[in-house]
Amino acid sequence: MADDTRPLSVVARPTTDEIDRRNLDWYIDKVVQAVVFICGISAIVFVIGIFVFVTAEGFGFLVDTFDFAEFFGSPRWKPTSEYRTTYGILALIAGTASVTGLAMLVAIPFSLGAAIYIAEFATGKTRETLKVLVELLAAVPSVVWGFIGLTIMNPLIIKTFDVPVGLNVLNAGIILGLMAAPIMTSIAEDALKAVPDRYREAAEAMGATRWQLVFKVVLPAAKNGLLGAVLLGVGRGFGETMAVLMASGHSINLPDSIFDSVRALTATIAAELGETAVGSDHYRALFTIGIFLFIITFIINLTADLIVRGIRKG
32 MADDTRPLSV VARPTTDEID RRNLDWYIDK VVQAVVFICG ISAIVFVIGI FVFVTAEGFG
92 FLVDTFDFAE FFGSPRWKPT SEYRTTYGIL ALIAGTASVT GLAMLVAIPF SLGAAIYIAE
152 FATGKTRETL KVLVELLAAV PSVVWGFIGL TIMNPLIIKT FDVPVGLNVL NAGIILGLMA
212 APIMTSIAED ALKAVPDRYR EAAEAMGATR WQLVFKVVLP AAKNGLLGAV LLGVGRGFGE
272 TMAVLMASGH SINLPDSIFD SVRALTATIA AELGETAVGS DHYRALFTIG IFLFIITFII
332 NLTADLIVRG IRKG
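Sequential numbering of the sequence shown, starting at 32, is according to this note's numbering.
Any given hint could be a false lead.
[As the list claims (entries may be wrong)] Distance condition first, Cα-Cα at most 16 Å in a straight line; then the derived EDC-like pairs of lysine to aspartate or glutamate:
{"no.": "1", "residue 1": "K109", "residue 2": "D312"}
{"no.": "2", "residue 1": "K109", "residue 2": "D98"}
{"no.": "3", "residue 1": "K247", "residue 2": "E232"}
{"no.": "4", "residue 1": "K247", "residue 2": "D228"}
{"no.": "5", "residue 1": "K247", "residue 2": "E235"}
{"no.": "6", "residue 1": "K254", "residue 2": "D221"}
{"no.": "7", "residue 1": "K162", "residue 2": "D221"}
{"no.": "8", "residue 1": "K109", "residue 2": "E232"}
{"no.": "9", "residue 1": "K247", "residue 2": "E151"}
{"no.": "10", "residue 1": "K224", "residue 2": "E159"}
No lab work stands behind these hints, which were simulated from the structure alone.
Hey, can you work out the whole structure from these sequences and the hints?
Okay, structure coming up:
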């Protein structure tokens, strides 16, 4: 009887090709990680770079010419006056606030209503179709919305309300509200869908109707996300430029009614920056407005992000 001394198992050694392939996969993995890291950090770098650039351009005005009381308390924006230049942005702030406030009155009911219907009532193809349409609506360029305000809303407002000019707070507010509604709808719908299903099941087990389920269970549970959606809509409206420039009338006024023409902060920068001498007080004042806008929109977006994450400060 032959003595069989062969090993029970033999571990196959990797070939040269397999080793090279593993090394290549390792290098590819490291390269992909580096690219993803660079792409992720680039957003932070770009934001910091933009803020540094805007601050550097407006720093001279802040040091030499800036008058806090005049800048924020005067409605007289006359940077090219031959007698006395004034840099008051109160009327511009009032115009921006009035347009944004009216836009939120338009956008909030539409966006929350659409989000509730998509999340709680629509099913199947209807839900998917509506979600796609909302996303397509968000992709419409702002200049197209501006043309709608200029060519459609303008004569419609003049004819309906018998006013001399249809480019006013009402026009810009409606257009801006329609622009802000899609992003608010998407975020609000995500907040509603994030409510655990066990809440709905418990309410239905207690005999709640669909509307009672929505208003007494789902909406209170999703209030942080809904408030965050509203704040993001405010930030969207506060920073909009082209549509507001075309639909608001671009007139420096402290508005008394929704039929007054106004001028927004963003529209002022867009309209005047290309015609100012680089390095002049007017040029640097426009960048100072940009600093103010950057700070306001940053605060709004940061607050919205914290609320969406459910973080509250007592």
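Taking the hints in turn, this is what the structure says about them:
Restraint check: the Cα-Cα separation between K109 and D312 comes to about 12 Å, which is no more than 16 Å; the hinted pair holds. Between K109 and D98, the direct Cα distance comes to roughly 14 Å. Compliance with the 16 Å bound is thereby established for this hinted pair. Only pairs whose Cα atoms come within 16 Å are accepted, and K247 paired with E232 is accepted, the gap being roughly 13 Å. Restraint check: the Cα-Cα separation between K247 and D228 comes to about 14 Å, which is no more than 16 Å; the hinted pair holds.
A threshold of 16 Å between alpha carbons decides the hint, and for K247 with E235 the separation of about 12 Å falls inside it, so the pair holds. Using a Cα cut-off of 16 Å, the hinted pair K254 and D221 holds, with the two alpha carbons roughly 12 Å apart. Our distance criterion of 16 Å between C-alpha atoms is met by K162 and D221, whose separation comes to about 11 Å. A C-alpha spacing of about 62 Å is found between K109 and E232, which places the hinted pair above 16 Å, so the restraint is violated.
Annotation: proposed proximity of K247 to E151 holds, straight-line Cα distance about 13 Å (limit 16 Å). Of the supplied pair hints, the one linking K224 and E159 holds, its CA atoms being roughly 14 Å apart against a limit of 16 Å.
Checked against the numbered hints listed earlier, the structure breaks hint 8 alone; every other hint is satisfied.
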